[in-house]
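J.: Chains E and H are the protein sequences, given in the same order.
What the first sequence shows, in this note's numbering, is residues 1 to 411, in sequence order.
What the second sequence shows, in this note's numbering, is residues 1 to 469, in sequence order.
The hints are simulated quantities; they were obtained by calculation from the structure and are not laboratory data.
In this text, all values refer to a predicted model and were calculated from it rather than measured experimentally.
No residue lacks a Cβ here, since even glycine has one placed at the ideal position from N, Cα and C.
Be aware that a few hints might be false.
So the derived label-pair ranges between C-beta atoms look like this [said to hold, decoys possible]:
id, chain 1, residue 1, chain 2, residue 2, range
1, E, E63, H, A341, 27 to 35 Å
2, E, K199, H, I464, 49 to 57 Å
3, H, A341, E, L285, 39 to 47 Å
4, E, K25, H, R338, 37 to 45 Å
5, E, E78, H, D298, 34 to 42 Å
6, E, E63, H, R338, 43 to 51 Å
7, E, E78, H, E244, 44 to 52 Å
8, E, E78, H, Q238, 52 to 60 Å
9, E, M197, H, P216, 57 to 65 Å
10, E, Q34, H, R338, 46 to 54 Å
11, E, E63, H, P216, 41 to 49 Å
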Amino acid sequence: MPKEFKLPDIGEGVHEGEITKWLVKEGDPIKEEQLFVEVMTDKVTVQLPSPYTGTVLRILAKEGELVRVGSPIIVVGEEGDTLPASPAPPSRQEPAAPQEPTAPEAPRTAPTPPPTGEVLATPAVRRLARELSVDLAAVRGTGPRGRITEDDVHSVGRRSAAMPASQEVVPVPPAPTGRPEERIPIHGIRRRIAEKMHKSTTTAAHFTYVEEVDMTHLVHLRDKLKGRAEKKGVRLTYLPFIVRAVVAALKDHPTLNATLDDERQELVVKRYYHIGIATATDAGLIVPVIHDADRRDLNGLAAEIERLADAARTNRLTPQDISGGTFTITSLGALGGILATPIINWPEVAIVGIHRIEKRPVVHGEQVVVRDMMYLTCSFDHRAIDGHIGAAFVESLKEFLEHPALLFVEA
Amino acid sequence: MARPVDLLVIGAGPGGYVAAIRAAQLGLKTVLVDKDGRLGGECLNYGCIPSKALIFTANLVHKLRHAGEMGIEYSGLRVNMEKLQKWRASVIERLNRGIEQLCQANGVEVLFGEASFLDPRRIRVVDHDKAVLEEFDAAKVIVATGSRPNDLPAFRFDGRRILSSKEALELAVAPAHLLVIGGGVTGLELGTYFAKLGTQLTVVEFLAQILPGVDPEAARIVARSLKKLGADVHVGSQATTWKEAEGRIVVAAETPDGPREFVVDTVLVTIGRRPSTDGLNLANAGVGTDEKGFIRVDREMRTNVRHIFAVGDVVGQPFLAHKASKEGIVAAEVAAGRAAAADWRALPSAIFTDPEVATVGLDEAAAAQKGFEVRVGKVPFAAMGRALAAGETEGFVKVVMDAKTARLLGVQIVGPDASDLISEMAVAIEMGASVEDIALTIHPHPTLPEAIMEAAEAALGRAIHVVNR
Chain E
1 MPKEFKLPDI
11 GEGVHEGEIT
21 KWLVKEGDPI
31 KEEQLFVEVM
41 TDKVTVQLPS
51 PYTGTVLRIL
61 AKEGELVRVG
71 SPIIVVGEEG
81 DTLPASPAPP
91 SRQEPAAPQE
101 PTAPEAPRTA
111 PTPPPTGEVL
121 ATPAVRRLAR
131 ELSVDLAAVR
141 GTGPRGRITE
151 DDVHSVGRRS
161 AAMPASQEVV
171 PVPPAPTGRP
181 EERIPIHGIR
191 RRIAEKMHKS
201 TTTAAHFTYV
211 EEVDMTHLVH
221 LRDKLKGRAE
231 KKGVRLTYLP
241 FIVRAVVAAL
251 KDHPTLNATL
261 DDERQELVVK
271 RYYHIGIATA
281 TDAGLIVPVI
291 HDADRRDLNG
301 LAAEIERLAD
311 AARTNRLTPQ
321 DISGGTFTIT
331 SLGALGGILA
341 TPIINWPEVA
351 IVGIHRIEKR
361 PVVHGEQVVV
371 RDMMYLTCSF
381 DHRAIDGHIG
391 AAFVESLKEF
401 LEHPALLFVE
411 A
Chain H
1 MARPVDLLVI
11 GAGPGGYVAA
21 IRAAQLGLKT
31 VLVDKDGRLG
41 GECLNYGCIP
51 SKALIFTANL
61 VHKLRHAGEM
71 GIEYSGLRVN
81 MEKLQKWRAS
91 VIERLNRGIE
101 QLCQANGVEV
111 LFGEASFLDP
121 RRIRVVDHDK
131 AVLEEFDAAK
141 VIVATGSRPN
151 DLPAFRFDGR
161 RILSSKEALE
171 LAVAPAHLLV
181 IGGGVTGLEL
191 GTYFAKLGTQ
201 LTVVEFLAQI
211 LPGVDPEAAR
221 IVARSLKKLG
231 ADVHVGSQAT
241 TWKEAEGRIV
251 VAAETPDGPR
261 EFVVDTVLVT
271 IGRRPSTDGL
281 NLANAGVGTD
291 EKGFIRVDRE
301 MRTNVRHIFA
311 VGDVVGQPFL
321 AHKASKEGIV
331 AAEVAAGRAA
341 AADWRALPSA
351 IFTDPEVATV
361 GLDEAAAAQK
371 GFEVRVGKVP
381 FAAMGRALAA
391 GETEGFVKVV
401 MDAKTARLLG
411 VQIVGPDASD
421 LISEMAVAIE
431 MGASVEDIAL
441 TIHPHPTLPE
451 AIMEAAEAAL
461 GRAIHVVNR
């Protein structure tokens, strides 16, 4: 008997995933535990292992397609099963009209895959959708059990009218320009980044505060500890120190370790410290999270940072690894540059951008001396964080970084 | 000169006349053509309506004959068939007139004659003598020409011995012994009617179950009740030949018990229907059909020729008047530029056997085939006070539920007034109701629909008036 595999629940709050890559094709043999598909949720990209051994009979979702959790994505048959002659209906197609039992000569239809997500909408709502040219399959219902209401259709209809190329309507294919150009689909992590950045910049009232930090002591300290850490197999960068300093500064200024609940108009202050580290990957920017950063020692932080960076590069992050962040750090100086203004990882309320450490002439007393200097650029959501609070946080962070001994006495 | 019209509707049955009225309401200059010389089509004149006029009368007779237990005593109950037939005709006539008036009031022009395509837009209408009545240049056309009964090579309709349903309905004398070939809806409805008037009934059905396609449990109840009426039912059997002998008919049949001969007075052949498209010259319009001759249409009821629509029996099964009417409305609205589509989820059907059978949505087997995790709630009418009080305890209500989501998938009702009970469930399915919604809705006591509420509770494992399984 061919078996279906449904998109599993791959993490808290994940309702759908985008199929980013099939690692098998129809007709391929497949083994239990073999990774067969790459799925991207709004949080992470994962590769799923096959629960069955056999032959891939059907692939039910295309690359780039959004699939709801619980929808079948692949049909696996016994080893040696052959492909059926007729293609299966795509996963979101409406099941055929119910067969009428009174029809005397009606043939029984062949078994079909379970119907998936026939849209729940009353006849009047279905008519409204037709009149507004709204595809109900692309509308998320807000009623009980996902029922699509008149309001849901109206709101999509309005958006489609205002923004013809939005997700809900099929955009008209662009006319070829005749010039050499390539059209790269915005999907997968790229789409998530686009959505999140847009959400953040259109929601949060950004302001950015810039400070200069003398890192000389920290550079010395790190040089001292680097060798010891290496013997324990840990690569000690500046990042663990900065994480530690950030946590210490957040403890002084707790309202920055928070998210803003726009719906309820509440600032949710966190009493735990899950620090996100913005990380570049081939697919785009993602933010792995160091959970309970306040409970890890320096080497522990370094080891966790390295694990997360590796996992990010090889698509092995778990949903847990990229969820629950309370505050984010982003490194902006790898290639050079002087200052950049980071975008807040919404719904968090603040982000710290760190730049490169370089030797610069600094006035000390009456003398110009050479010091290891670094710029910090911190963005805040002014709806929740006023200027003086943000400034106080950055000054506190500066103090911890300039006098790293504090990081070890205050803990 | 061809007269230009916005819409020409060919066929004035429940698909065509409804389409014409809706189109006229939407401002289209509409002409409705029918070759029969009266409005209403097969359904009104030779099908649903006359058969119900007769069936309900026969039910009354039957009920009186079996009301002794309730203390009804009488002598000399007699059915005057001639009067009954007159009454049937009067019912039809009233409805004919009603449709005529509706067409007139809505500005639909009616023309009696036979239409045929000269090309995709031009249609000629001729009278019985093939004299041309008029030619039309139609911007849009709706084909609603319906279907007609099939016969068998060995049993050709002759209007005397071998009858179609149409002729059987007009019989002024109930045959002493009637053999029905085809134990489907029409055959059993008419067979039951005659049996209740005292006819000895034999049914020969080719498939293994009477009412093929209907939930087997429901079909079993009907089979049991036929037996009580003294009917002789042979499933898995095939009538092969017939001959006349001493003024009677001897029908030979292959049955699971071997060859049999039945000596009867009349044979009724009800083995399905085929599309009525003769004379239309669909080829001149380029309209495509399937291998059985049914016109292919899309969800907007358009044929492959964009301005030509088709609705009702002529587009294929199921052959139901209410389906034709809804399709007619869709076609008319699309023709008038509205956004309409045949997107219903519930197509209820009603069978007027004894007891009645009415269904909507999926039955158990179909739901399982579609991959649902099926749960069923079933309540016999014998558990319902109202059914007992009315002396009609045969049958049940069965609710088919998707166990995962509690969505209502389908309902099968066999029992008293099943045909009237099913509409509530059609609404529920169209609204995407869960079985919980139905169980939580108060149904008045004592009424038959309480059985629906109870069956919903049973599906959820918490029925009150039956033991939950």
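J.: Please go over all the hints and tell whether each is borne out by the structure.
T.: Do the hints match the structure? See the list:
{"no.": "1", "hint": "E/E63 with H/A341: 27 to 35 Å", "result": "holds, 30 Å"}
{"no.": "2", "hint": "E/K199 with H/I464: 49 to 57 Å", "result": "holds, 51 Å"}
{"no.": "3", "hint": "H/A341 with E/L285: 39 to 47 Å", "result": "holds, 44 Å"}
{"no.": "4", "hint": "E/K25 with H/R338: 37 to 45 Å", "result": "holds, 44 Å"}
{"no.": "5", "hint": "E/E78 with H/D298: 34 to 42 Å", "result": "holds, 38 Å"}
{"no.": "6", "hint": "E/E63 with H/R338: 43 to 51 Å", "result": "violated, 37 Å"}
{"no.": "7", "hint": "E/E78 with H/E244: 44 to 52 Å", "result": "violated, 60 Å"}
{"no.": "8", "hint": "E/E78 with H/Q238: 52 to 60 Å", "result": "violated, 39 Å"}
{"no.": "9", "hint": "E/M197 with H/P216: 57 to 65 Å", "result": "holds, 60 Å"}
{"no.": "10", "hint": "E/Q34 with H/R338: 46 to 54 Å", "result": "holds, 52 Å"}
{"no.": "11", "hint": "E/E63 with H/P216: 41 to 49 Å", "result": "holds, 44 Å"}
In summary, the structure is inconsistent with hints 6, 7 and 8 from the numbered list given earlier, while agreeing with the others.
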